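Student: Residue-level listing of the chains:
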Amino acid sequence: MSAMAEASPYIPELARIVDVFDETADISTFRMAFEDETYNATYTFDSGQFCEVSVFGHGEATFDTASSPSEKGFIEFTVKRVGKVTCALHELGGGGQVGVRGPYGHGWPLHEWEGKNLIFIGGGVGLPPLRTCYNEVLHPDNRSRFGDVTIIYGARDPSQLVYTREYDSYRQAERTQLHLTVDAGDDNWTGKVGFVPQLLDEVAPSPENAVALTVGPPIMIKFVLQGLSKLGFADEQIFTNLENRMKCGIGKCGRCNVGSKFVCTDGPVFSYAQLKQLPMDY
Amino acid sequence: MEGRVLTLSYGNVVPWITALSGSHTVFAPRRSGGDRVEFAEVTDPSSADLLLDTHRAVVRHLWQPQTEVLFRFRRSSEGTTIEPATADAKPRVAMGLSPFDAAAIRRVSKVMASGKHADPRGVMGLEMGMVSVFGPEPWRTCYPSLCGCLKCMAEEGSDIVLTPIEGAFVANVTSERGERLVAAAPGLFSDAAEAEVSASEDVRAAFRKKLPDDPFGEVFEQSPNEVWDCEAFDRVAERCLGCGICTYLCPACHCFDILDESRGAEGKRYRCWDSCQFDHFTLHASRHNPRPVQAARIRQRVLHKFMYMPREFGVLGCTGCGRCVDLCPAGISIFEVMAEVREELNAAKETPA
Amino acid sequence: MPDITVAIRDQARELLSSGRVARVMGYAQDRATGLPVPCMVRDAGDVDRLVFSPLCVQNLATYLKGAKREPTAIVAKACDTRALAVKLQENDVLREDLVVIAVGCDGVVDPSGVEQQVPRWQRIEETTREGDVLIVRTDAGEARLSMKADAMLRCATCRTPQPVIDDVRIGEFPTAPPEGSDPYRTRVAELDAMTREERRAFFVDAFSRCIRCYACRNVCPMCSCERCLADETRPQWVPRSTLGDENEMFHLVRAMHLAGRCVECGSCESVCPMDVPLMALSSKMAEEVEAMFGQQAGMDMEYAPPFSRYKDGDPDLPGHGGEV
Numbered sequence: 002m003s004a005m006a007e008a009s010p011y012i013p014e015l016a017r018i019v020d021v022f023d024e025t026a027d028i029s030t031f032r033m034a035f036e037d038e039t040y041n042a043t044y045t046f047d048s049g050q051f052c053e054v055s056v057f058g059h060g061e062a063t064f065d066t067a068s069s070p071s072e073k074g075f076i077e078f079t080v081k082r083v084g085k086v087t088c089a090l091h092e093l094g095g096g097g098q099v100g101v102r103g104p105y106g107h108g109w110p111l112h113e114w115e116g117k118n119l120i121f122i123g124g125g126v127g128l129p130p131l132r133t134c135y136n137e138v139l140h141p142d143n144r145s146r147f148g149d150v151t152i153i154y155g156a157r158d159p160s161q162l163v164y165t166r167e168y169d170s171y172r173q174a175e176r177t178q179l180h181l182t183v184d185a186g187d188d189n190w191t192g193k194v195g196f197v198p199q200l201l202d203e204v205a206p207s208p209e210n211a212v213a214l215t216v217g218p219p220i221m222i223k224f225v226l227q228g229l230s231k232l233g234f235a236d237e238q239i240f241t242n243l244e245n246r247m248k249c250g251i252g253k254c255g256r257c258n259v260g261s262k263f264v265c266t267d268g269p270v271f272s273y274a275q276l277k278q279l280p281m282d283y
Numbered sequence: 191m192e193g194r195v196l197t198l199s200y201g202n203v204v205p206w207i208t209a210l211s212g213s214h215t216v217f218a219p220r221r222s223g224g225d226r227v228e229f230a231e232v233t234d235p236s237s238a239d240l241l242l243d244t245h246r247a248v249v250r251h252l253w254q255p256q257t258e259v260l261f262r263f264r265r266s267s268e269g270t271t272i273e274p275a276t277a278d279a280k281p282r283v284a285m286g287l288s289p290f291d292a293a294a295i296r297r298v299s300k301v302m303a304s305g306k307h308a309d310p311r312g313v314m315g316l317e318m319g320m321v322s323v324f325g326p327e328p329w330r331t332c333y334p335s336l337c338g339c340l341k342c343m344a345e346e347g348s349d350i351v352l353t354p355i356e357g358a359f360v361a362n363v364t365s366e367r368g369e370r371l372v373a374a375a376p377g378l379f380s381d382a383a384e385a386e387v388s389a390s391e392d393v394r395a396a397f398r399k400k401l402p403d404d405p406f407g408e409v410f411e412q413s414p415n416e417v418w419d420c421e422a423f424d425r426v427a428e429r430c431l432g433c434g435i436c437t438y439l440c441p442a443c444h445c446f447d448i449l450d451e452s453r454g455a456e457g458k459r460y461r462c463w464d465s466c467q468f469d470h471f472t473l474h475a476s477r478h479n480p481r482p483v484q485a486a487r488i489r490q491r492v493l494h495k496f497m498y499m500p501r502e503f504g505v506l507g508c509t510g511c512g513r514c515v516d517l518c519p520a521g522i523s524i525f526e527v528m529a530e531v532r533e534e535l536n537a538a539k540e541t542p543a
Numbered sequence: 038m039p040d041i042t043v044a045i046r047d048q049a050r051e052l053l054s055s056g057r058v059a060r061v062m063g064y065a066q067d068r069a070t071g072l073p074v075p076c077m078v079r080d081a082g083d084v085d086r087l088v089f090s091p092l093c094v095q096n097l098a099t100y101l102k103g104a105k106r107e108p109t110a111i112v113a114k115a116c117d118t119r120a121l122a123v124k125l126q127e128n129d130v131l132r133e134d135l136v137v138i139a140v141g142c143d144g145v146v147d148p149s150g151v152e153q154q155v156p157r158w159q160r161i162e163e164t165t166r167e168g169d170v171l172i173v174r175t176d177a178g179e180a181r182l183s184m185k186a187d188a189m190l191r192c193a194t195c196r197t198p199q200p201v202i203d204d205v206r207i208g209e210f211p212t213a214p215p216e217g218s219d220p221y222r223t224r225v226a227e228l229d230a231m232t233r234e235e236r237r238a239f240f241v242d243a244f245s246r247c248i249r250c251y252a253c254r255n256v257c258p259m260c261s262c263e264r265c266l267a268d269e270t271r272p273q274w275v276p277r278s279t280l281g282d283e284n285e286m287f288h289l290v291r292a293m294h295l296a297g298r299c300v301e302c303g304s305c306e307s308v309c310p311m312d313v314p315l316m317a318l319s320s321k322m323a324e325e326v327e328a329m330f331g332q333q334a335g336m337d338m339e340y341a342p343p344f345s346r347y348k349d350g351d352p353d354l355p356g357h358g359g360e361v
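Residue numbers (the numbering used here), protein chains in the order written: chain A, 2 to 283; chain B, 191 to 543; chain C, 38 to 361.
In case anyone wonders, no lab produced these hints; they're calculated from the structure. Wrong hints could be hidden among the right ones.
The list that follows gives simulated cross-link-like pairs (lysine-lysine, PhoX-like), each with its CA atoms no further than 25 Å apart [said to hold, decoys possible]:
(1) K539(B) / K277(A)
(2) K85(A) / K458(B)
(3) K321(C) / K348(C)
All figures in this text were calculated on a predicted structure; none of them were measured in a lab.
Next comes chain A alone, as it looks inside the complex:
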């Protein structure tokens, strides 16, 4: 870390966008590497943590890590164009220089899930914080330590699906199943049509020795939680990644305060049991 960044937690490290993958018309995955080679080589993070990414002059925004920590030499963020910084990042494109602070927060507690079956339930642009976890699990260095992997994913329509370029690799991976759905199909779509909670009901994963991770729009989460409960998942077996408005990322600016917790320092990963303790302030 640069001496400057050591002195103040608000100074970012310089990084460069080394590659851009267009997932949809307004969602792209940005692969970044730190300019400082030593820092880049030794940089680690936990899947589920987030970073504060700067586009200098436009501002800083919170992005969940989207790549597996076992893939060394870079970090990926999957970003949708919605506001000032995200649009500026898209405009900047490959080769552009950015700033990165982090990683911050507590990631998915993978070390507690060894030997377990993992069920990932994602909606829309909620898949990236799940991908950082399942790609980590599916990584050859780690695969043997975990049980079966089930990915249940849906988007509004086929053009909104992210990571389509990776679906074959998920299907071919060891003890891994991919289930897809869209709210509405198009002329070329031959897959399932329906909402993610419906697909969850159909797949009906067993809660036996299992953990479910879910990230997506609030309405989807609501029905997914109900569905998982019906399937027999206990609150302690269900995890999510809260995406409150965050700024400083380190529990100082007050923005992501939920009850007596800060999403940025106590989360962003919470079990459903922990969520139930918090007021509905997210």
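Please arrange chains B and C on chain A, whose structure you already have, making use of the hints.
Tutor: Just chains B and C, lined up with the frame of chain A:
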């Protein structure tokens, strides 16, 4: 109070401030036109007056400036260069605060300096010298149970507590840092005589006696969900304007925004005060707002100060100065809201389900 | 019980129980301090909360913001009706959704005067009039405030002894405005008499105090944009920083947006915690618009704010004689 007890004649205050200014950045109250009193960096020691009534003066900037440049940047074909802002060259001392303002600043600084990543301004707030002035009158809108045990509070933030008596301040030097402040001009101080010590105790006792009866109580014992739907928040939200007066005048508030500004290849990133009372404070880019109505935002302020902070950091986020009550354009009192919430909860308990 | 308070309560009861309005916006005695504060009454059984006294300084028109339509009765002093007039003219509120309960007023008194005479007051028990003296009885003693000397600044030359618009009239309405000079316009004249450098120094000093709490904007009845330009980030029209001239930028932009619309109620300056002389800008703008268009905002239901409509012959158009 622990520590040495000295006297500082009123005539020696300006010489002391002058001496301190050599080695410190000194903030003290001064008149700034009309009835206004402000805490400002001392450039002319003779304009500093520690006996000014500061009950309407902003104090948050003593540890956290309204706007602070975090770093400047310049983009070129070779890349971006970052230039962090430089810290204060000299250690800071704030003088003329009320003891409960000093306590509030120390508390919020501790919260900001704690955890995995310390905020540099929080660290500064922990390290800065604070010379508070006790009374002689408590402010009309300050609340005793939150001013707490005044003895404790006086020592909580202050390095020196000055109590005004006839002709001089009696100075209780309550910390080593306080001793270092005295050491800037030791000749100006003398050991307090017994009569002087006794007079200062009388002033503080009279101060306590003047504090109004406090019907409001302190920490909320309940969980957030138990108070979440209280109508007290809706009632007061009807007249709340959603401005930032309460939070910006509060010595214990700390929320801020971080923004960039640039022109061409050069720019800066700064942070500035922000308020949980503003309607867009928690607004997501997706347009979802967890606190979409003012009642939810008022609830956040009340619970953050009297439930979340005690739970997470073991301290109240309020020292009862009453500035928010005094200056609210809509006449809202955070203490009154708490009283109404308690009444509502008690009434609900008595009503059979 | 003063007649005005009784009459207001009667009106409110009638309007709520008949279903004519969903809420009555008025003043109530704060539970703790006894000061009048704005209140919303929605239940006919609740109208006894409503009060009126010369301490009712707030302009309640500011609470008529937001997209939700709700038939509302509003207790309005005659000066408050100016703000209501502009809001009606700008379609912020629809005529059929508003019942104006105009209350006769010969001035309101700055409540901070109570503290000056009774420094430790905690609760106001009763206010009574004795001629031109307002006697405020508190738990810690009595304050005697002058309806002239201790009045809010705008009352010195009240331009609206009669309401601009009303549905119900309660109390006595003065027939003629009081004599005297308008303190806000007097200050504008003093500023105009300064050199440019002196005036600049005055404003630089004033804006340096601003902490961007936005109380001035939020209390202003005329500032009702759903998304204020100052809160916009794409682009950041007015930076949130206070280090340079950003404060000046915010206040000048706001003054421009209020040109021809500000009713000079003075709420902005009276709520500012930092004593920024905000009315200096708004009054100046009002004066300029008055000179150019011959009208003051909200004084005549027929005359909408000049910049909210276009009329042939508008004096600021080229060829019509008005030099901008």
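Student: Can the restraint linking K539(B) and K277(A) be considered satisfied, given a maximum Cα separation of 25 Å?
Tutor: Distance ~23 Å between K539(B) and K277(A) Cα, so the pair holds.
Student: Holds or violated: K85(A) and K458(B), Cα atoms, limit 25 Å.
Tutor: holds, 16 Å
Student: Starting from K321(C), check that the Cα of K348(C) is at most 25 Å away, please.
Tutor: Holds - the C-alpha atoms of K348(C) and K321(C) are around 23 Å apart, at most 25 Å.
When the structure is compared with the earlier hints, no violation turns up for any of them.
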